[in-house]
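*Asks:* Chain by chain, the residues run as shown.
Number of protein chains: 2
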Amino acid sequence: MSYAPINFQQKLGMFDEQWQPKVIAEMNDYQFKIVKIEGDFVWHDHQDTDETFIVIEGNLRIDFRDGAVHVSPGEMFVVPKGVEHKPYAENEVKMLLIEPRGVPNTGHEGGERTAQNDVWI
Amino acid sequence: MSYAPINFQQKLGMFDEQWQPKVIAEMNDYQFKIVKIEGDFVWHDHQDTDETFIVIEGNLRIDFRDGAVHVSPGEMFVVPKGVEHKPYAENEVKMLLIEPRGVPNTGHEGGERTAQNDVWI
Chain L
11 MSYAPINFQQ
21 KLGMFDEQWQ
31 PKVIAEMNDY
41 QFKIVKIEGD
51 FVWHDHQDTD
61 ETFIVIEGNL
71 RIDFRDGAVH
81 VSPGEMFVVP
91 KGVEHKPYAE
101 NEVKMLLIEP
111 RGVPNTGHEG
121 GERTAQNDVW
131 I
Chain R
11 MSYAPINFQQ
21 KLGMFDEQWQ
31 PKVIAEMNDY
41 QFKIVKIEGD
51 FVWHDHQDTD
61 ETFIVIEGNL
71 RIDFRDGAVH
81 VSPGEMFVVP
91 KGVEHKPYAE
101 NEVKMLLIEP
111 RGVPNTGHEG
121 GERTAQNDVW
131 I
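Same order as they appear, the protein sequences are chains L and R.
The numbering used here applies: residue 11 is where the first sequence begins, and numbers increase by one.
The numbering used here applies: residue 11 is where the second sequence begins, and numbers increase by one.
There could be a bad hint or two in this list.
Copies of one chain are not kept apart here, so a pair can be met inside one copy or by any two copies together.
[Said to hold, decoys possible] Calculated cross-link-like contacts (lysine to any residue; reagent style SDA-like; alpha-carbon spacing at most 25 Å):
| hint | residue 1 | residue 2 |
| --- | --- | --- |
| 1 | K21 | I66 |
| 2 | K91 | I16 |
| 3 | K104 | A125 |
| 4 | K21 | A78 |
| 5 | K96 | S82 |
| 6 | K104 | R123 |
| 7 | K91 | V129 |
| 8 | K91 | L107 |
| 9 | K104 | I16 |
| 10 | K96 | F25 |
| 11 | K96 | D55 |
| 12 | K96 | S12 |
| 13 | K21 | D73 |
| 14 | K91 | S12 |
| 15 | K91 | N17 |
| 16 | K91 | Y13 |
| 17 | K21 | P90 |
It should be emphasised that the hints constitute simulated quantities derived from the structure, not laboratory data.
Full structure from sequences and hints, please.
*Replies:* Pasting the structure below:
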């Protein structure tokens with residue numbers, strides 16, 4: 011049988027739009043999603059789950075109500091559940107998100123940044 | 011408050027031993043572990059969970075009973091639960107493993123490759 015790895019750059023090359031996470035793999039009930047972002051997201055939190063960010067390209071800043079973290083390529087950060095956060099990218103950031111299937115990108119905030127969920131690429 | 015990202019290379023620089031996964035982060039009840047491997051692992055499977063491999067350096071081969079997958083830096087692969095597999099690295103591979111907390115590296119096979127679980131770095 012033939013097995014193929016999942017290549018992040020190959021998947022990132024398949025779309026241009028920002029703020030639209032694409033699922034590239036699942037592990038149990040968790041999804042791996044790639045996304046391109048630039049500019050400011052909305053303040054939100056996820057009441058039921060932590061959320062993992064792994065940066066592939068660019069420099070990500072995640073703002074918290076009491077500080078911020080800068081995440082560069084080759085680095086990761088786990089935002090604990092229930093903690094308000096706001097991702098920000100001065101220039102485009104390409105990254106991997108890991109979280110349970112079905113988690114909306116804007117938590118329960120909604121708004122124009124809310125992306126369609128469970129879109130595979 | 012001060013927040014710090016987790017840097018894969020910085021963590022990998024803190025140890026030399028092979029086949030000893032080190033936990034660097036948790037997301038809910040899942041753990042992110044870095045590990046250095048070289049040579050042959052044992053055939054094993056995990057009856058209750060998928061297992062994710064993300065290669066940071068080197069070229070990983072995962073053998074299956076009916077084929078193999080080659081995973082290079084910037085690539086990932088999810089081994090489905092219950093599927094027998096055997097990681098192999100001709101030269102040292104540095105990689106990230108993601109799986110639920112408490113999963114033994116050799117499944118239920120045991121043996122000399124069985125590593126201590128839940129070791130943080």
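*Asks:* State for each hint whether it applies.
*Replies:* Checked hints:
no., hint, result
1, K21 x I66, "both (12 Å within a copy, 17 Å between copies)"
2, K91 x I16, "between (28 Å within a copy, 18 Å between copies)"
3, K104 x A125, "within (16 Å within a copy, 34 Å between copies)"
4, K21 x A78, "between (29 Å within a copy, 21 Å between copies)"
5, K96 x S82, "within (16 Å within a copy, 32 Å between copies)"
6, K104 x R123, "within (17 Å within a copy, 36 Å between copies)"
7, K91 x V129, "both (23 Å within a copy, 23 Å between copies)"
8, K91 x L107, "both (14 Å within a copy, 22 Å between copies)"
9, K104 x I16, "both (16 Å within a copy, 17 Å between copies)"
10, K96 x F25, "within (23 Å within a copy, 34 Å between copies)"
11, K96 x D55, "within (9 Å within a copy, 39 Å between copies)"
12, K96 x S12, "between (41 Å within a copy, 16 Å between copies)"
13, K21 x D73, "between (27 Å within a copy, 24 Å between copies)"
14, K91 x S12, "between (38 Å within a copy, 18 Å between copies)"
15, K91 x N17, "between (29 Å within a copy, 21 Å between copies)"
16, K91 x Y13, "between (35 Å within a copy, 15 Å between copies)"
17, K21 x P90, "between (27 Å within a copy, 21 Å between copies)"
Checked against the numbered hints given earlier, the structure satisfies every one of them.
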